[in-house]
Structures are given as structure tokens and as C-alpha cells.
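Novice: Go ahead and model the full structure; you've got the sequences and the hints to work with.
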Amino acid sequence: MNIEPKTAGLYIHVPFCKTKCPYCDFYSITDLSLIPSWLDALCKEIDLYQDIFSEFGSLFIGGGTPSLLDGNTLDHLIKTIRAHWSFDSNIESTIELNPDDVTGEKLRLYRTLGINRLSLGIQSFNDSELIFLKRRHTSEGARKALRLIRKAGFKNFSLDLIYGLPGQTEAGWLTTLKYALSYEPTHLSCYQLTVEKNTPFGLLKAEGTLTPLNEKTEEMLFLTTSQFLEAQGFIHYEISNFARSDNYICRHNMKYWRHIPYLGLGPGAHSFSNGQRWWNYRSLEQYCVSFTEGANPVEDLEILTPEQVRLEMIYLGLRTKEGVSLSRVEDTILASTAFADMKKGGLIKVDKGRIVPTRKGFLMADRLPLILSD
Amino acid sequence: MKQIRNFSIIAHIDHGKSTLADRMIQYAHLVDDRQFRDQILDSMDIERERGITIKSQTVNIPYTSKKGEEYELNLIDTPGHVDFSYEVSRALASCEGVLLLVDASQGVEAQTLANLYAAMEHNLIIIPVINKIDLPSADIERVKEEIDQELGIDPETSILCSAKDGIGIEEIFEAIIERIPPPVGSGDKPLAALIFDAHYDPFRGTIVSCRVFDGTIRSGTMIRLMYNNAAYKVEETGIFRLKLEQRKEISAGSVGYIIAGIKTISDTRIGDTITFDDNPVDKPLAGFKEVKPVVFSSIYPIASDDYQSLLDALEKYKLNDASLVYQKDSSAALGQGFRCGFLGLLHLEIVQERLEREFDQSIILTSPSVQYRFYLTDGTDLIVDNPQYYPDPTEIDKAEEPFIRASILVPERYVGVVMKLCMERRGVNSRLNYPSPGRIEITFDMPLAEVVFDFYDKLKSVTQGYGSFDYEIIDYRESNLIKLDILVNGEKVDALSMILHRDRARERAIRVCDKLRDEIPRQMFKIAIQGAIGGKIISRSTVSAFRKDVTAKCYGGDITRKRKLLEKQKKGKKRMRMVGNVEIPQSAFMAALKTDDE
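In the order they appear, the protein sequences are chains C and Y.
For the first sequence, the residue numbers in my numbering are 1 to 374.
For the second sequence, the residue numbers in my numbering are 1 to 598.
Since the hints were derived computationally from the structure, they do not count as laboratory data.
Don't take each hint at face value.
Unchecked claim - Derived lysine to any residue pairs resembling SDA-like cross-links, with alpha carbons at most 20 Å apart:
# : chain 1 : residue 1 : chain 2 : residue 2
1 : Y       : LYS564    : C       : ARG282
2 : C       : LYS197    : Y       : LYS483
3 : Y       : LYS483    : Y       : ASP494
4 : Y       : LYS564    : C       : THR305
5 : C       : LYS216    : Y       : PHE525
Unchecked claim - Every beta carbon over 10 Å from chain C, so not counted as near; a handful from chain Y, in silico:
# : residue
6 : PRO183
7 : GLU249
8 : GLY557
Glycine included, C-beta positions come from ideal geometry on N, C-alpha and C.
Specialist: In C-alpha cells form, the structure reads like this:
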């Protein structure tokens, strides 16, 4: 895996969506008339951090639905950012797109603004699945967007896919995957459907109208995904992420898992720097008000103890193929039967001084750190 | 000098003993109405929650009679459970009379009778009090008839009362001073005082509750505790007024406390006699008995590095509960711990709860055991209360287990279910007695081991609360005893081993395996749980492995959330014990020890 410079990452949260997806628990609202006040506040937030950060190695404009922003808004936003901070010459700049919003004009604008990586929220190429997920695009819409992206000359793009939907079969999921590969993406994010409590799906599950897949099928689909994509030459570098080669590993997201600083701007965004984590109000109104009151939009801040840093390093490391250095783990644990069992059970390997999760180990990524961080 | 009366209140559970005590204390204005709380004598949380008295408490109530004479009445409250019957007997030995409380709607119950017999053994004057006459279901005439026929007491001597509404309280006071005789004894004779309780105060040391029969104690007196012949210099004497109230001296006939530099209450024995060091009485007061534990279990800290903290907690706890005995113990599965002896299962539960609540300990208890006796082929014999020391089965010539005589009083309609229950618990030699129409006393010889676990709860449940139960240990009888081991992934969990009758082994093994299966959380590997006698597996169950335990997404925002979850899980793990590669939570140990499905 390539080791990119440890320059910080910059995340911009665009908390607007035309419609809400029932599985999503990111913060977003559907009142698009508030975009100007969001932009205003965001520019003020940028001012706050001018002297705290100097250079960024990645920019990720996520959401929400950043593709809803019109040309002027995005132009103003990026220019303000560039006026405050310098960018690494090799910067990875990503924007998330809803297939419905993709136009040739938008793509040209992104290119002008220096955006060199797209992340397209496809989720599925199966129309009934798209309806179940309440996406506003159709599979035809997705295909059209992909054609436009290729036509505009964007080579580096990622597709977001969701699998493990109730009733989904291995064959159905592989069909979607094959469709996706036919457009030659450099990166795939394949998320197993997670029903979060405070989402519409969460409510359906609580009232019993939505039954998630059983664990056995989920396990099978996860392993199939990994096997299939690796056979196609992809690197399964993080639990849900696959890259065509080392060069296409999402550098921005790697910063989250490697304890590299990142600044998150916008309501609900999280930041990490200097052993501190802080996060903004998860409400556009509160976020904006905090500026008019001359305060800052940080809802809370935590200073990590060395023990917490160690726990994070172990658990974040174990989410990726990089794993965690043996030196982070106590000798008594390395000598324990539990550790031996993990190796024997094929969940981890020890390679070049690092504990590395296997494909099967990825499936237990929430459990391994409990043993390794004792 | 004020006149003294010493009395106790005895009653079946729930017949209103604590409420009556509360009312009498309020009548005497010992405590501000604002500061008053119910069950004022029951100072422990557990006592209030369970509605039972565990420690006896004493209170000195001043009373001015209708004739204008001044009295000091000592109310000696008694514990209300069969585990503590010896303490009850010492409290009664300190009185001249009792109020026998009978519920106006429930009538005479088993414990009423048992308590009456206890009071009669001490030749106490008995004042029947019919309580709860305010209840719509009160049937005073029927209760009077029961008092006459079942207790053999003149029902017309009964006082009608509602402790809840404060009715009849003055009549009770008048009856106490009129009917209960004043204590006899002389303040000039050599000292003879009975210890009926002791408790520990972190600031003042051991506070001994005693009844002085002869002689006078004041600060400076050199006293001797006759059981262990230890001498102490009295620092302070006084009476109980909810708080300690210092008095210059306590003299023949009174009840009070002594502080004498006694370090732990284990240096005192309930029932022991206090006398003068230089002028002792010839022989101690009658009735002393050393209290012996009947149920044994080991206590282990959940996290092995908490051993020292548990040791400290036990030492402190012991200051206040002389009946708990403990010594070091160790287990392959649980490391260092303590083997403890208890008066009964309730006592065990109380110790457990208090260690957890008051001393903040997280502990695991092993299967309770009684003391078994094994005669070996080499002619020796040994007593075993810990399954770890179960002898090599090939060397056992004969095994014996303790038997009790259970006496159960129930309304006639429950005879069938009680007989069935006792027979399931290997009861033999049943006899039926008819103390009064409609009521039956059932006696059974039963193995103590069958009784110490959940028999009392079960009995209450099958008799809908009407059954009452008392027992005494009678002898040891031959029994086919085996040791049941529990294995988790092939590893023996010694803390879950138990000695029991062969006929009970399979059923018990299945139950324990099932309970463990329900309580042990799924882990990364399949967990096999087995019950075995020697090398023979007699039950098994399986905890399936996790197939998947992973969060699909974990971006910037989720890192804190996920870490907090891990921290919480890690904390939970601290409440688990590793056995081989399996994490066993405390709840699994607890569940495995419960014999019942409820």
C-alpha cells in the first residue's frame, strides 16, 4: 500500500438532499433555499481555522448531496478555501454526486475547479432495489450519468453500492457488481446495508416490517464481494472499500483510519487534530446561529487519552489491510490463547511486524480490537 | 429511678412488626416527624427493599403511664428469617415479655406459632396484639378464635390495633407496663450481661448490645468476655435512642451498649456473657451456642487484580457480621478468592448484595455447597464443603450428607403440592400433624442440600405465600454423591463444579448447560458447554459463533462513536472471566447457580 504524505484532509459537509434516503443517518435537510446561509456560515468557519491548518493533501466534498450545489456556489466555496489554505500539488479532490444531477456542464465545472475524483452514489443497478432504497434515480439514470462521466474524460471515479438488502441473492448482487465494473471505475465502496436506529429503516425494523438478512447470508455476500472483486484485480483495502490499484486507494478516507489530521467543515462535520476530536452542531440552524452570536459551531470536543489513542489505532488499523503494528499490542495479549486462536481461526495474519486482518477477519473487525486492546 | 420493661415484637412476616415499632417510636417523639422514615429500625437498604429485618436493632422508648409514672421501655427488634434464628433466641433471652402480633385478616400463621414457642421457651409474658384492624378484610372474631384454639392464649387479653393508623398504641404501652414484669436482678452483684448483638462503627469500634442481668457497668470497669476470656476496659456505656445516648452506667435490668476498645465484632460472640474481670460470676448465662455456617461458597473478584480490594472489603464487612466466616481459596478458572461459610442462602445473598452495593465489589460466587462427609477406603474420613476437594471416587467407601428435619405449616389445601415438592427434594419420613382445623404441620426429613438453595422460595410459591418453614439439622445419612463438572470448550470451570446426589445430576447438568448457553454471549468461535461426571459427558449445549461483527461504515464522524462503543464493551469485558478462550460473564456464573427456571 502506498504511503502518502501525512498532510491533513479537508472535508466539506453539504447537508442538502432533494429527498431523504431511508437508510442514511448522515445529517441532511431538504430545504434547498437555505443553501446561501449555509455557504455564508461555512465561509466564516473557514476563517476560524485559517491559522490552525496550513496545507491540505485531500479535499472531499460530501453530504448530503453536493451535486445539488450550483456552479456559483461551488465556485465561491472552492475559491474561498484556496484563498485560505494551500493544496498539495498532488491533491486528491473528490465530490460526491447523485446520478440524477450529473450533466456535462457540471462535470466541466468540476474539472475547472480542480476536482479530480468523483464518487457516484449508484447504490444498485436494479430498479426494484433502487425503489426500495427510495433513490431518486433509476438504473437507466445511473448508466446515463456514467456515460457522461466517461465522455467528460473523468478516469478516476468511484461508485457507491449497497448490498445485503432484504431478499437479495448472491446472483442479484453479482449482476450489480458486474454492471459496475463494466464502466471501469477506479474505486468501489460496497456497503453492507446497516439499519441505523434513527432512520426510517430503523423504525420499520423496530415495528417488524423490515427484516434484515440473516447473518449467514450477510457473511456469504461479504465474502463473495471480496473474492469476486479481488479476482477482478481490485485491492480489498478496507472493510467496504476496493481500489483498482494502490494509486486509487481513497487517500482522503485513509486519513480517517490512519490517525492523520482532518478538518471537517459544515453542520455535523467531525475533525481530528493534535489528539483532539471535535464536531459541529448537527443542525444547520444551530450551526448558522453560532456564527451570528460570535461563537463557534463546535458542539463538543474531546481530548484523547493515550489509552484512547491506542484503542483507536488498533481498531482503525484493523479496518484496513495495513493492520496494526505488533508494537501497539501488549506482549501478554500476543502470548495469549485468544491471540493464537485468532491466527489459527484465520482471522489475522502477522506480516512484517504488523497484525493484518484477513478477509474473514474483516468480518470480525468490531471484535478483534476487544481482544487486542486489553 | 425509672422503671424498666424489656420486650420484643414477634410476628409472622408482613404482619406489621416494623410499622408497629415505627408507631411506638413516633408516640414517644424520639424523632422529629419530619425526619421520620418508615421502617426506621431497618437501617440497611436491603432491609427496606426486602421488607425484612436482618440486623436486630434496639431502641429505648421513654413512656409516661396514664398514672403519671415514668418508664423506660427497651424494644429489642429481632431478625425475621430462619437463617438468623439463633440471634432471635438471644434477643428473646434479653426480654421479659413479647408483643405477639397477629394480622387481623391473615390470622395465625406458621411463624406466629414458631415465634410463640420460642417466646414460651424463654418463659416470656405474651401480649397478643391483633394488628391491621383497619383492613376491610379484618375478621377479629375469627382471629380471636385462632388465638384461643391454635395458640392457647386467652383471646380476651388481645389488644386491637392498627399500627398504620395509630390505633391502640397507648393500650399497648399500658399493657407492657402492667403485664410484663419488671426485670429482677441486683446492681450490686457480680456482673452478668448477655451479648445479644454487636455492630461495628468505623469511628467508635465495636458497639456491643447487651442486657444486664446483674451488676453495673460504667466507664472504667474492667470487663471480661467469658467465651474467649478476653478482658477490656469499658470506655463508654449508654442506651439506644435511635442514636447512641451516653449514660453514666447501665445496671441490672437494663438494656444498653458498651464500647470497650474491642477491635472487631468477631472478638465478641452473640450469646456470650460479660462479667467483671476481677470478680467474675461462677458460670456464664445459659444458652450460649457457637453459630456455625451451613452453606459454603467461594467468592472471587471478577477482575483478578481486584483480589486485594475484595480482601479489604471482606475484612470491613466482617467487622459488622460475625456470622460470616471466610478463608483463602483459589480456583484454576477464577484465580484467588475466598471460601466463605454462611448461615443460609439468604445470608449468602445478603453478603453478596452488601459487598456489591456498599463495598463496590464485582464478584462471582461459586455453587453453594453443604458439608459432606466421605469415608475413604483407607479408613479415614473427611468433611468436604468445596467440590474442589471431592476425593478420588475410587477411594470413597461411603458418602454422607447432612439431613434436616423440615417443619412446614400450611393451610390444608396445600398439603398435596407441599408433599410433592418435598418428595422431589428427596424428602423422607413424612408426618402430618393437625395443630388446628384446616391447618397442617408437615414434617419431612430432607437433605440439607435440597433445602439450602431455593426450597424456601419454591415453597412460598407453591403455597401462594401461606407456607412457613423451619428446620433443624438432625444427622448425616448415607447418600450416593457424585461431583458434577462443567466444561467450556473442554476446559473445566471449577467454580461451577458441584457435589450432588447422583439422581439429581443429569437434570441439573442439563439446566446448567442451558443457562450458560443463554448467558454466554456469542464469540468468534463456537463454544461447547458440557456437564460431566468424571470423564462421562451427561449434558451438552452450544453457543454458536459470530459470523459477522463489523460496522460497514466508519468515517470521520463515526470514529468517536465507535470508540465509545468499544470502551463500553471493554468495560463489560471486565465483568467477564476468561476460561480458556471463552469469555464468561458474571451473569452466567450467577444463572448457573440458580436451580430454578423462574
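Novice: Hints first: check each against the structure and report whether it holds.
Specialist: Each hint, compared with the structure:
no.: 1; hint: Y:LYS564 / C:ARG282; result: holds (19 Å)
no.: 2; hint: C:LYS197 / Y:LYS483; result: violated (48 Å)
no.: 3; hint: Y:LYS483 / Y:ASP494; result: holds (11 Å)
no.: 4; hint: Y:LYS564 / C:THR305; result: holds (13 Å)
no.: 5; hint: C:LYS216 / Y:PHE525; result: holds (15 Å)
no.: 6; hint: PRO183; result: holds (64 Å)
no.: 7; hint: GLU249; result: holds (60 Å)
no.: 8; hint: GLY557; result: violated (4 Å)
Comparing the model with each earlier hint shows violations of hints 2, 8; every other hint is respected.
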